[in-house]
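K.L.:
Letter by letter, the chains look like this.
2 protein chains.
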Amino acid sequence: MKRIAIYDTTLRDGSQGEGVNFSLEDKLLLTKKLDELGVDYIEGGYPLSNPKDHEYFVAVQQLPLKHSKVCAFGMTRRKNSPPETDTCLKALIDSQAPVICIVGKTWDMQVQQILSTSLEENLKMIEDSIAYCRSLGREVMYDAEHFFDGYKANPEYALKTLKAAEKAGASVVILCDTNGGTMPEVISERVTAVCKEIKCQVGIHCHNDCELAVANSLAAVRAGASQVQGTMNGIGERCGNVDLVSVIANLNLKYGLEVLQPGSLAKLTEASRYVYEIANLNHRNGQPFVGQSAFAHKGGMHTHAVALNPVSYEHIDPTQVGNERRVLVSELSGRSTILTKTQKYDLHNDKPLMSKILNQVQDLENDGYEFEAAEASFDLLVKKVAGLYKPWFDLIAYRVNIEHDKNNKPITEATVKIGLADKILHTVAEGDGPVNALDGALRKALLSSFPQLSELQLVDYKVRVVNNRAGTAAKVRVTIESRDQGDVWGTIGVSENIIEASWLALVDSIEYKLFKDKEAGAKTN
Amino acid sequence: MKRIAIYDTTLRDGSQGEGVNFSLEDKLLLTKKLDELGVDYIEGGYPLSNPKDHEYFVAVQQLPLKHSKVCAFGMTRRKNSPPETDTCLKALIDSQAPVICIVGKTWDMQVQQILSTSLEENLKMIEDSIAYCRSLGREVMYDAEHFFDGYKANPEYALKTLKAAEKAGASVVILCDTNGGTMPEVISERVTAVCKEIKCQVGIHCHNDCELAVANSLAAVRAGASQVQGTMNGIGERCGNVDLVSVIANLNLKYGLEVLQPGSLAKLTEASRYVYEIANLNHRNGQPFVGQSAFAHKGGMHTHAVALNPVSYEHIDPTQVGNERRVLVSELSGRSTILTKTQKYDLHNDKPLMSKILNQVQDLENDGYEFEAAEASFDLLVKKVAGLYKPWFDLIAYRVNIEHDKNNKPITEATVKIGLADKILHTVAEGDGPVNALDGALRKALLSSFPQLSELQLVDYKVRVVNNRAGTAAKVRVTIESRDQGDVWGTIGVSENIIEASWLALVDSIEYKLFKDKEAGAKTN
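Going down the list, the protein sequences come from chains A and B.
The UniProt record's numbering puts the first residue of the first sequence at 1, with every later residue one more than the last.
The UniProt record's numbering puts the first residue of the second sequence at 1, with every later residue one more than the last.
These are calculated hints, taken from the structure and not from any lab test.
Hints may contain errors.
Same chains, same label: a pair holds when it works inside one copy or across any pair of copies.
In silico EDC-like links for lysine to aspartate or glutamate, alpha-carbon gap of 20 Å or less [as the list claims (entries may be wrong)]:
1. K69 - D35
2. K417 - E25
3. K406 - D422
4. K267 - E36
5. K384 - D394
Since the structure is predicted, the reported quantities are computational estimates derived from the model, not experimental observations.
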C-alpha cells in the first residue's frame, strides 16, 4: 500500500482566507488537533511576516506532538545578497522548526517583472537558500510557486528551478497551482513530466479557483506525487486551498492509498468541525464526507430507498469518516421521513396523526421555520400534535428594557412573570444583552423547581432575516444551540421581533431539556 | 466550436437540498432568470409529486421565454401495467411541457431489490414510457439513474437499459452518478464506452459527494457527452448537484466550448447571486468564479503583486464572468492594501497616518470587528483617523422597551435623544422589533434635516456570536446591509449587547449615506 504524505497549511495559507484570523492560542489548539488526526506536516506560519507567527514557533516547542512535524514557511533569499545575512532565512532558522519550506519563483515572467532580477540569479536564490538551511541541519522542502503557469510559459526554465532545488538538497519539490487555473489533465501531464526528470519526492499544492482542486490533487498523486499540501475544510485565499478532508477520504477510500495514521479516518468529521469552531466560521453543511448534510436524506423516495438499502444513496458508509446518516423533516420528505423521526414515540400506525404532523411542519415552514437545524423544536412539535405535551410553566408576561446614554455601557434588564404549579413567579435579571437577561430572569424563576437547568448552557445564537417576498414585514429566524454534559440540541423561533423569536427558541431549549431529563429518568428507574 | 447543452435542474433536484424551499412564485422568478442567462433546458419539477409542481407547469406557459425549453420530470411507468393508465406519465403529459425527462433504473440490484421486478420488465418499463410520451409528440430525455454503479455491477445490463431508451426514441440518454461516488477517470472511461455503443446524444448528471462533480462533468464532456445537467450554485441533496456555474465557466473559458448564449458568461455572477437570494441561502464567499472572495486579495505580498500584474494571482479576468477584484482589509494585508482602499483620500504619502489606520484596524479586529463585509464602516474609520470625520449628530441616549404578555403581539418602543446643530431632538417610535424601532426613532429625528435618508433601506441584518476563548463574555457582531437607489453598502457593530451592536451598525450606515451624498454633491457642483 503506497503512502501519501499529508502537509497541512491551514495555519499559514489557510489564514489568508477572507474572515479567517487565528490567535496564537487558536494556532496551538489547531496544532494539537492536527497532530491527533495524524497529519504528517503542519506548516505553522511565516515567522518573518508577523510577531504572532514568531511566537507560535517558540510556544509550539512545548507541545508534546505524537506524530506531526512542524514546518516554518518563508521565501528564498533576496536578490544579490548572501543567505547568511538574509532576514527571512534567519527567521526560519531561528524558528527552530525541524522542517523548513521555502517558496521560490518558477515563472520567467514573474522573475523578471515581480522580482526584477535575472533568470540566472533566481536559480541561485533557490539553490543558496535551500543549501544554507540544509547546512544548518534542517529538512528543506521547496514550493515551486506558479509551477503550472510557469511551465506553460517556459518549460525548460521551470524544470531548471526544480533541479536547482533538488541539487541543493530539497527533500520534496512541491508543484503549486498558485492561481488555481489549471485543468486536471494538464496537471497529470506535467506531474508525469516532472517525475521523469527529478529524483527527489514530488508534492502538489492546489487552489480551488475552478472547483477542481480535489480532482487536480488526485490527478497529481496518480501521476506520481507523494505529498499533498492543502488546508482543513479548504479554507484559504479567494476560493480556498484544496480541502484536505476530501483529499484524505478519497485517497484512502477510493484509491486504497495509505494516509495519516491507523484509525485517523474516523476522526475526520470531528476534526473538520473543530477547525470551523476555532476559526469561528460557519460549517458548510454540504461539505463532502463531513458536512451535516453529506448523508442527509430529504426526498421521500430516497428516504424510503435508503432505509431499504443504504448503498442505493450512499457512496460510502458515513461512519468510516466519523459522520452519520440523517433523515430530514421537510415538505418533500413525506410520511416515511416523519415516521423515522418519530420512531421513539411508537406512533407509526396512526396515519391521521402522521398527516397532522406533516401539515403542521408545512405550515410552519411557510412561516419561516426550518426544522433541519432545530431537531429539539421538532421533537416538541410532535409531542404537541400527539397530545404528549404539557407545558412546564405558563408565560404571563415578559418585558425587556435596554437603556444607553453615551457615557456608559448600555444597561439591559429583563423581567419575567410565569405561572408554575399554583404559584406566580415574578423575577428580574440584568444581562449583557436582552437574550442573556431574559435567560437569567427565566432561570431565576425555574431553578429552584428544576435544578438540572444549571447544567444547560447556550452555546450558539444565530439570527437570519427571512425574506418575505409577499411584501409584508420581514421576519427573523433565531436558532439557538444548547448543551448539557451529554448532549447538544438546536431550537428555533420565528417572529417579526428578534426578542420574541429569541424567547421562543429559548423556551423550547429549556422545555426540551426538561422533557429529555424526565424521559431519561423514566428509563433508568 | 462544439456546443454543449446546459440542462438546469435547480427547481427540481436542487429543491431536494437541505434548507431549500421554493414557493411557486420563486420557481417562476428563477425560470425567468435562467432563461435570461440562456440556459437550454429548465427542469421545472415533478408534476406528480406535489400540487406546487403541477401549478408551476400551468403558470409557466404564460411566461414569454426567449430561449429555454421547460422540462417535466417523472419516473418510468409502474411495473406490470400499461403506460396509458399510469398516473405519473399522465401527469407528465398533462403538464404540457415540450420536453419530458424520464428517470429509470440501470442497476440490476436496484431493479430486483427496490422495484422488486425482473430485469426484463424494467427494460420494458423504460421503453414503453418513452415510446408513449414520444407518440404524443413530446421530446423525451432519459435519465439513467445510478448509471456508473450499475455499469460497475453489470455493464451489459446497464447498456441494455440505454439501448431500450434509444430504441424508444429518447433524444438524449443522461448518465447519472446518483450517489456521487465515482472518480473522474472512471467517468471518462465509461462515457467513452457508452458513446461507442449509442447513437443518440449522451448527457452527464453528477453529484458532489467526493468534491469531484465539476471534474467529473468536464471529464464526461471530454469523453463525448454533449449535455450537462446540474444546478445553479450546486444546490441539491447531500453535498449538492454539480455547480453549473463552474461547469459553464470552465467549458467556455478553459476548453473554448460554446455554452448558453452570446454574452451569457458576463451574467453568471449576477445570476448566481439571484438564485441565492431567491432560495434565501447564504452566498458562498469562496465560490469559484462568482463568489465575493473569488478575486479578493488579502496577503500583503499578493496584493502588491496583483496591482503590478493581475495575471500573477488571477487565473481569468473577473469581468469575464461578471465578477470583480477586491482588496481586503486585514492584519495580514499590510500597507499596500490600506493604500489601495484609501486612494480616494489621496493620503498615500502620509506614512505615519497609514500606520495609525493599520493599527486601528488590528485593534478592532482583536475586538471582533471584520471589515471585509463592512467597507462603509472601514471608510468611516479612515475618515476618523485622518481627521476628516465630523459627526452628523450627537447621541445623548437611547432606550428600547419590549413588552409581551401571552395574549398579545409583543410591543416594541424605542426612544432616541440626539443633539443636532444647536437643538436637542427627542423622538419615539414603535417597530416590529428593536432595530426597526430604533431606526424609526432615529429617522424621525433626522429626516427634516436630511430628507435624503428616506431613500435609505436596510436590506439585510445578520448576527454572529464572536466566540471569545479568553473566557470573558461573548460578543455579538452585527452586520447591516443598506441600499439606496444607486448603491449597496455594509456596516458593522460589535458589542456584548445585540442592541448596542445593532445601533453602532445602524449609525454607521446613516453616517456613510450622509457623507457619500455630500461627496457626490461636491463632485457635481
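K.L.:
Indicate, hint by hint, whether the structure satisfies it.
P.N.:
Now for the hints, and whether the structure bears them out:
no.: 1; hint: K69 - D35; in the structure: within (9 Å within a copy, 53 Å between copies)
no.: 2; hint: K417 - E25; in the structure: neither (43 Å within a copy, 42 Å between copies)
no.: 3; hint: K406 - D422; in the structure: between (44 Å within a copy, 18 Å between copies)
no.: 4; hint: K267 - E36; in the structure: within (9 Å within a copy, 45 Å between copies)
no.: 5; hint: K384 - D394; in the structure: within (15 Å within a copy, 50 Å between copies)
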